[in-house]
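Chemist: One letter stands for each residue in the lines below.
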Amino acid sequence: MESGKSKLKQILKSGRLAVTAEISPPKHASAEMIVQQTRLLGDYVDAANITDCQTAVVRMSSIGAGVHILREGIEPVVQMTCRDRNRIAIQSDLLGAYSLGIRNLLCLSGDHQMFGNHPTAKNVYDVDSIQLIRLVRRMKDEKLFFSGEAFNGQEPRFFVGAVANPFADPFEYRVDRLEKKINAGAEFIQTQTIYDLERFTRFMEMCVARGLHERAYILAGVTPLKSWRAARFLQTSVPGMIVPDDIVRRLKNAENQQEEGKNICLEQIKYIKEEVKGVSGFHIIAISWPEVVPDIVKSSGLYPRPVID
Amino acid sequence: MIIAEQKPVAEIAGYIESCNKVLLVGCGGCVTVCLTGGEKETEILASALRIKRRQEGKPLETVTCVATRQCEPEYIDALDSAVRDVDAIISLACGIGPQYLAGRYKDKYVVSAMNTRFAGGAKRHGFWEEYCGLCGDCVLNLTGGICPVIRCAKSILNGPCGGSQNGKCEINRDVDCAWQLIHDRLKILGRLDTLKEIVPPKDWSRSRDGGPRKMVIEDVMSGSNPEKAN
Ligand code: SF4
Ligand code: SF4
Chain A
1 MESGKSKLKQ ILKSGRLAVT AEISPPKHAS AEMIVQQTRL LGDYVDAANI
51 TDCQTAVVRM SSIGAGVHIL REGIEPVVQM TCRDRNRIAI QSDLLGAYSL
101 GIRNLLCLSG DHQMFGNHPT AKNVYDVDSI QLIRLVRRMK DEKLFFSGEA
151 FNGQEPRFFV GAVANPFADP FEYRVDRLEK KINAGAEFIQ TQTIYDLERF
201 TRFMEMCVAR GLHERAYILA GVTPLKSWRA ARFLQTSVPG MIVPDDIVRR
251 LKNAENQQEE GKNICLEQIK YIKEEVKGVS GFHIIAISWP EVVPDIVKSS
301 GLYPRPVID
Chain B
1 MIIAEQKPVA EIAGYIESCN KVLLVGCGGC VTVCLTGGEK ETEILASALR
51 IKRRQEGKPL ETVTCVATRQ CEPEYIDALD SAVRDVDAII SLACGIGPQY
101 LAGRYKDKYV VSAMNTRFAG GAKRHGFWEE YCGLCGDCVL NLTGGICPVI
151 RCAKSILNGP CGGSQNGKCE INRDVDCAWQ LIHDRLKILG RLDTLKEIVP
201 PKDWSRSRDG GPRKMVIEDV MSGSNPEKAN
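Line by line, the protein sequences give chains A and B.
Take the first sequence: its letter number 66 is residue 66 in full-length UniProt numbering, and every next letter is one higher.
Take the second sequence: its letter number 164 is residue 164 in full-length UniProt numbering, and every next letter is one higher.
None of these hints come from the bench; they were simulated from the model.
It is possible that part of the hints are untrue.
Listed below are several chain B residues computed to face chain A (Cβ distance under 7 Å; list not exhaustive) [what the hints assert, rightly or not]:
id	residue
1	K108
2	I150
3	A153
4	I156
5	G162
6	G163
7	Q165
8	I171
9	V175
10	P201
11	S205
Note that the Cβ used here is the ideal one computed from N, Cα and C, for glycine as well.
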């Protein structure tokens, strides 16, 4: 990290498929679990996303956890949500994060607090994700604070990412919204977990037709399912997610559900690699199943990962 | 209109435990329209408090009246004689009423019987919904006349977020996604291009910073000095 460059960016720039995984920080103050997960991921991923109090549950800060994984040798992608901070706190955290060696930033609005363990909290949403992207780019491109005031020292030069959800509605607006994020300055995009390949394919066709894949690197989100119950949960209880019935059925009928879940994920990666144009890499979100990531990376032919100086 | 609902009787009773005689002041404004603080509700609350206290063996004396509006000093002035011998004044107005009463009757204990909720519109008789958060910097003209500040759970100005599905908000399948509504409306108007523009961060300083907001219309400012309420 001494070079101050994002390895993720360099890999994407080189045209090779990137692989990232997701790490959820612990609900306590020990880094032990983070360190374990990082070691597990080893050299199977190019970077790891650190969620920012996902589903509005209090966890170790994304920046704090990011520094732990950085020490263990994996490049973090720190998530920054708009739910909990106003523009003063966001900028302050970003300066701190950059000073600690964090180079990748994923900007998102964040899940509403009613899903989490503090549903009576006051939310902030001072800026939204698109405004955040633009303002973070303003910091790096124009060396200006959100307010327009100039920096009198090092400006944070993050590789700026955003999320896109092809499975949210209205579908016809989803590509427009992605374009809006790219116009705001997003350099890479991470999609919501894909199960509905048909809808994802249509989404990517529209992106490619507009040349969006050439203006930002699009990473396809995949989530291996551990059981049919997990599939049913995502299908019924997670807003903005589409899980087709036959996936639930396939898992339910399988002799070994975990094995089947892994197979489905591998098939999806293969399909996306071979049939869907415009995808620059994969983001593996192995919810409470981090051990499976190395296996998936190996079996899908994405290993070994490229080495950057 | 300001929508306010009554606090539970037990809670209100708790505040006036030590009082023997109270004045209940209803309001003829918004709370009369939303059926929570008008004449009828004031009488009902008074009798509920009396019954409760009788059951507890500590009778309460109540006097009731309704101010035309508690948010204007001239209507509060009229309460002077009624206030004189009571131990507490219970206001059934929105949050402005108790503050005006406390400002005028500085030595009186003023209790609010209400939870002031939101600025709403009537959907049906007996059903109100929030439409405006009084943000002071209205964006309705960009959003097809649908307020994202209040009607979107995240107050997003560049929506819809990734949680919008089947027209509903991620927080609840019974809540419309404001941005789906905005999208549909702009589509009808042939103005979907508006949604491609990046709306800059909002000037929240017009919303709730810098102490209470003020509005002055010089031409009609009269001798009655609203400051005297405080
Ligand atoms: S934008 Fe502000 S002023 Fe306009 S309706 Fe919404 S909350 Fe009210
Ligand atoms: S689903 Fe719609 S209303 Fe709900 S937070 Fe997202 S954009 Fe706002």
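Chemist: Now, for every hint given, state plainly whether the structure supports it.
Modeler: Hints and how they fare:
no. : hint : in the structure
1   : K108 : violated, 32 Å
2   : I150 : violated, 12 Å
3   : A153 : holds, 5 Å
4   : I156 : holds, 4 Å
5   : G162 : holds, 3 Å
6   : G163 : holds, 4 Å
7   : Q165 : holds, 5 Å
8   : I171 : holds, 5 Å
9   : V175 : violated, 10 Å
10  : P201 : holds, 5 Å
11  : S205 : violated, 11 Å
Of the numbered hints stated above, those contradicted by the structure are hints 1, 2, 9, 11, listed in ascending order.
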